[in-house]
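Required output: the full structure, derived from the provided sequences and hints.
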Amino acid sequence: MAPFLSKRDLRFQLFEVLDTAALPQRPRFADHSREVYEDVLNLAYNVADKYFASHAREADLNEPHLKDGQVQLLPAVGEAMRAFREAGFFSAHHDEELGGLQLPWVMTQAVQAHFQAANVGSSGYPFLTIGNANLQRVFASPKQQEKYMRPLVEGRWFGTMALSEPHAGSGLADITTTATPREDGTYSISGSKMWISGGEHELSENIVHLVLARIKGGPAGVKGISLFLVPRYRINEDGTPGESNHVVLAGLNHKMGYRGTTNTLLNFGEGGESIGELVGEPGQGLRQMFHMMNEARIGVGMGAVMLGYAGYLASLEYARERAQGRAASNKDPLSPAIPIIGHADVKRLLLRQKAFLEGGLALGLYASSLVDDLQTGPEEGRADTSLLLDLLTPIVKSWPSKYSQEALSDAIQVMGGAGYTRDYPVEMYYRDNRLNPIHEGTEGIQGNDLLGRKLTQAGGRGLEVLLSRIESDLQAAEGLEGLDEIRAALKTALEQNQTALKAILGRAVDLGPDLFLANANSALEMLGHTVVGWMWLRQAAAAARALPNAKGDDANFYQGKLQAARFFAVYELPRIEFHANLLASADATTHEMQGEWF
Numbered sequence: 001m002a003p004f005l006s007k008r009d010l011r012f013q014l015f016e017v018l019d020t021a022a023l024p025q026r027p028r029f030a031d032h033s034r035e036v037y038e039d040v041l042n043l044a045y046n047v048a049d050k051y052f053a054s055h056a057r058e059a060d061l062n063e064p065h066l067k068d069g070q071v072q073l074l075p076a077v078g079e080a081m082r083a084f085r086e087a088g089f090f091s092a093h094h095d096e097e098l099g100g101l102q103l104p105w106v107m108t109q110a111v112q113a114h115f116q117a118a119n120v121g122s123s124g125y126p127f128l129t130i131g132n133a134n135l136q137r138v139f140a141s142p143k144q145q146e147k148y149m150r151p152l153v154e155g156r157w158f159g160t161m162a163l164s165e166p167h168a169g170s171g172l173a174d175i176t177t178t179a180t181p182r183e184d185g186t187y188s189i190s191g192s193k194m195w196i197s198g199g200e201h202e203l204s205e206n207i208v209h210l211v212l213a214r215i216k217g218g219p220a221g222v223k224g225i226s227l228f229l230v231p232r233y234r235i236n237e238d239g240t241p242g243e244s245n246h247v248v249l250a251g252l253n254h255k256m257g258y259r260g261t262t263n264t265l266l267n268f269g270e271g272g273e274s275i276g277e278l279v280g281e282p283g284q285g286l287r288q289m290f291h292m293m294n295e296a297r298i299g300v301g302m303g304a305v306m307l308g309y310a311g312y313l314a315s316l317e318y319a320r321e322r323a324q325g326r327a328a329s330n331k332d333p334l335s336p337a338i339p340i341i342g343h344a345d346v347k348r349l350l351l352r353q354k355a356f357l358e359g360g361l362a363l364g365l366y367a368s369s370l371v372d373d374l375q376t377g378p379e380e381g382r383a384d385t386s387l388l389l390d391l392l393t394p395i396v397k398s399w400p401s402k403y404s405q406e407a408l409s410d411a412i413q414v415m416g417g418a419g420y421t422r423d424y425p426v427e428m429y430y431r432d433n434r435l436n437p438i439h440e441g442t443e444g445i446q447g448n449d450l451l452g453r454k455l456t457q458a459g460g461r462g463l464e465v466l467l468s469r470i471e472s473d474l475q476a477a478e479g480l481e482g483l484d485e486i487r488a489a490l491k492t493a494l495e496q497n498q499t500a501l502k503a504i505l506g507r508a509v510d511l512g513p514d515l516f517l518a519n520a521n522s523a524l525e526m527l528g529h530t531v532v533g534w535m536w537l538r539q540a541a542a543a544a545r546a547l548p549n550a551k552g553d554d555a556n557f558y559q560g561k562l563q564a565a566r567f568f569a570v571y572e573l574p575r576i577e578f579h580a581n582l583l584a585s586a587d588a589t590t591h592e593m594q595g596e597w598f
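In the UniProt record's numbering, the protein residues as written are 1 to 598.
To be clear, the hints were calculated from the coordinates, so they are not data collected in a lab.
Nothing here was measured: the structure is a model prediction, and the numbers come from that model.
Just to be clear, a hint being listed does not mean it is correct.
What the hints assert, rightly or not - Straight line, CA to CA, 30 Å or less: simulated DSS-like cross-link-like pairs of lysine-lysine:
1. K67 - K143
2. K147 - K223
3. K7 - K50
4. K223 - K347
5. K491 - K502
6. K491 - K402
7. K67 - K331
8. K216 - K255
9. K7 - K502
10. K7 - K347
11. K143 - K216
12. K331 - K7
13. K551 - K347
14. K50 - K67
15. K331 - K347
16. K255 - K50
17. K147 - K255
18. K255 - K402
19. K402 - K551
Put into structure tokens, the structure is as follows:
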């Protein structure tokens with residue numbers, strides 16, 4: 001079985017491209033060291049390998065089902081959750097007073113990457129639980145944190161986010177779930193929530209739902225949305241789960257992939273009251289929930305990368321072992337067949353995967369490092385860091401989700417008919433990843449967010465910070481051997497970006513919001529490819545500096561980085577010109593199309 005993750009590349013990204021080993025210089029991480037981080041990564045790999053990867057295929061073939069009113073999961077899923085909890089990963093990034101290690105967020109995401117690559121379905125339960133607890137840490141009262149958050153951090157209870165409804169998927173302004181005030185200050189929650197991952201199971205003692213609802217009599221639209229903590233079981237005075245809170249499973253959704261995570265339709269208030277507690281102030285629900293959603297968007301991008309990466313490694317191993325055909329220059333039919341990795345087109349498919357996935361991994365970890373800078377970096381730089389992170393978030397979510405799918409298609413192509421069978425895991429990864437361009441906001445939503453909000457936020461300061469950082473890295477890479485072609489391609493891309501954005505933003509008022517956003521996807525594609533090109537420049541610079549003193553496998557590793565960076569510059573960055581021209585022209589083709597014409 002092929003490895004699901006490259007330990008060498010992960011450490012290159014963390015310690016040679018990002019200076020993660022320097023984080024212990026910050027007070028919050030003072031007790032840490034490179035050795036501590038290595039131990040954490042090794043523990044994550046071992047737990048992921050033994051308890052998650054081992055049942056990934058079995059979970060795919062045996063999706064959750066109901067028996068006697070209870071959701072049935074493989075016993076191995078429960079064993080994986082126990083191993084994750086005992087390893088301390090639910091609490092690793094939290095304060096020491098909560099039992100945590102105060103692990104940096106970039107290291108937390110690197111840990112999660114192991115589980116996403118090994119078994120994305122089972123990793124969904126801790127992923128949601130950690131995000132739920134993080135939101136409570138920011139917005140819930142101290143009493144609520146003790147009551148609801150601490151059991152999540154300890155891994156005894158699990159959490160969800162309950163946003164969508166059967167009639168309103170991404171259109172949260174149209175939700176109808178209601179919250180009726182009760183005399184004791186709590187609320188009675190009534191309504192249905194759809195597509196709730198982890199919404200019902202027997203893996204934990206309780207499930208804490210973060211529910212968006214409208215307080216009766218509140219305003220329409222997003223201003224009337226509030227956030228509530230609604231447990232599956234009511235909580236006794238001693239903190240233990242008590243009687244049912246009437247959160248009722250109405251059905252399981254049967255999915256193309258990601259089958260290890262239950263996905264549910266839940267009815268709140270069926271057969272009795274579902275009692276919930278308001279988080280913070282009324283009307284702030286959407287703002288509060290976006291804290292979890294933005295965190296989840298980076299996590300979705302990382303999950304997409306890791307699924308694609310696992311597929312890439314599987315196809316790479318296959319290409320090295322599968323002998324077929326001969327070099328075009330070899331006319332001897334009796335000569336031995338060569339491994340297919342010797343054929344140029346197979347190398348193209350492998351290089352494309354490598355370029356997309358190692359570029360996407362660099363982007364996800366870079367964004368995660370910005371979270372650490374925002375929380376623990378120098379005060380004077382935090383405003384710019386926040387704007388840069390806001391700008392990058394829709395790209396971090398969408399670009400890897402799309403291009404990991406293309407990489408997985410390439411992995412299947414490398415393996416031919418074998419890749420299309422269940423004898424190999426790539427077809428499963430392909431089905432699993434197809435969710436990532438959808439959940440936590442589709443490409444269309446992310447494109448509108450990028451062009452309609454993030455590029456103009458704070459007078460466009462986020463874009464200025466991005467361009468400044470890219471320019472700084474271009475200057476730092478000047479003179480490094482083998483980087484001229486990469487630097488030139490990225491410079492051209494930057495010029496195309498600036499010209500296109502100046503043109504479209506300058507016409508925003510005249511175009512009106514509908515036509516202005518008609519080609520938002522091109523803004524997402526253009527900036528996405530540019531940012532990943534930047535990530536490849538950073539990797540290439542690190543490789544070029546290390547290569548002169550490298551030998552053996554290390555030398556091959558760095559040469560591979562330089563070749564993949566060149567591939568992205570030659571094969572991918574030229575695609576930016578099309579999207580830049582389309583965006584700048586404000587082409588009206590899609591905007592003018594009528595529904596009746598289809």
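Status of each hint after checking the structure:
Between K67 and K143, the direct Cα distance comes to roughly 37 Å. Violation of the 30 Å bound is thereby established for this hinted pair. Of the pairs offered as hints, the one joining K147 and K223 holds, with about 28 Å between alpha carbons and a cut-off of 30 Å not exceeded. The hinted pair formed by K7 and K50 meets the criterion: a straight-line CA distance of about 16 Å does not exceed 30 Å. In summary, the hint linking K223 to K347 is not supported, as the alpha carbons are separated by about 53 Å, beyond the 30 Å threshold.
Proposed proximity of K491 and K502 is supported: the alpha carbons are some 17 Å apart, at most 30 Å. A C-alpha spacing of about 24 Å is found between K491 and K402, which places the hinted pair at or below 30 Å, so the restraint holds. Distance hint between K67 and K331 is unfulfilled; the C-alpha atoms sit about 63 Å from each other, more than 30 Å. In summary, the hint linking K216 to K255 is not supported, as the alpha carbons are separated by about 35 Å, beyond the 30 Å threshold.
Distance restraint check for K7 and K502: the Cα-Cα separation of roughly 42 Å exceeds the 30 Å cut-off, and the hinted pair is therefore not satisfied. A hinted pair counts as satisfied when its Cα atoms are at most 30 Å apart, and K7 with K347 qualifies at roughly 22 Å. For the hint pairing K143 with K216, the CA-to-CA distance comes to about 25 Å; that is within 30 Å, so the pair holds. The straight-line distance between the Cα atoms of K331 and K7 is roughly 40 Å, outside the 30 Å bound, and the hint therefore fails.
Simply put, K551 and K347 have alpha-carbon atoms about 23 Å apart, close enough for the 30 Å limit, and the pair holds. Straight-line distance between C-alpha atoms of K50 and K67 comes to about 28 Å, which keeps the hinted pair within the 30 Å bound. Between K331 and K347 the alpha-carbon distance is near 21 Å, which keeps this suggested pair within the 30 Å criterion. With a C-alpha separation of about 26 Å, the suggested pairing of K255 with K50 holds against the 30 Å cut-off.
Restraint check for K147 and K255: the C-alpha separation of about 34 Å exceeds 30 Å, so the hint is violated. A C-alpha spacing of about 19 Å is found between K255 and K402, which places the hinted pair at or below 30 Å, so the restraint holds. Taking the CA atoms of K402 and K551, the gap is about 36 Å. The hint is violated against a cut of 30 Å.
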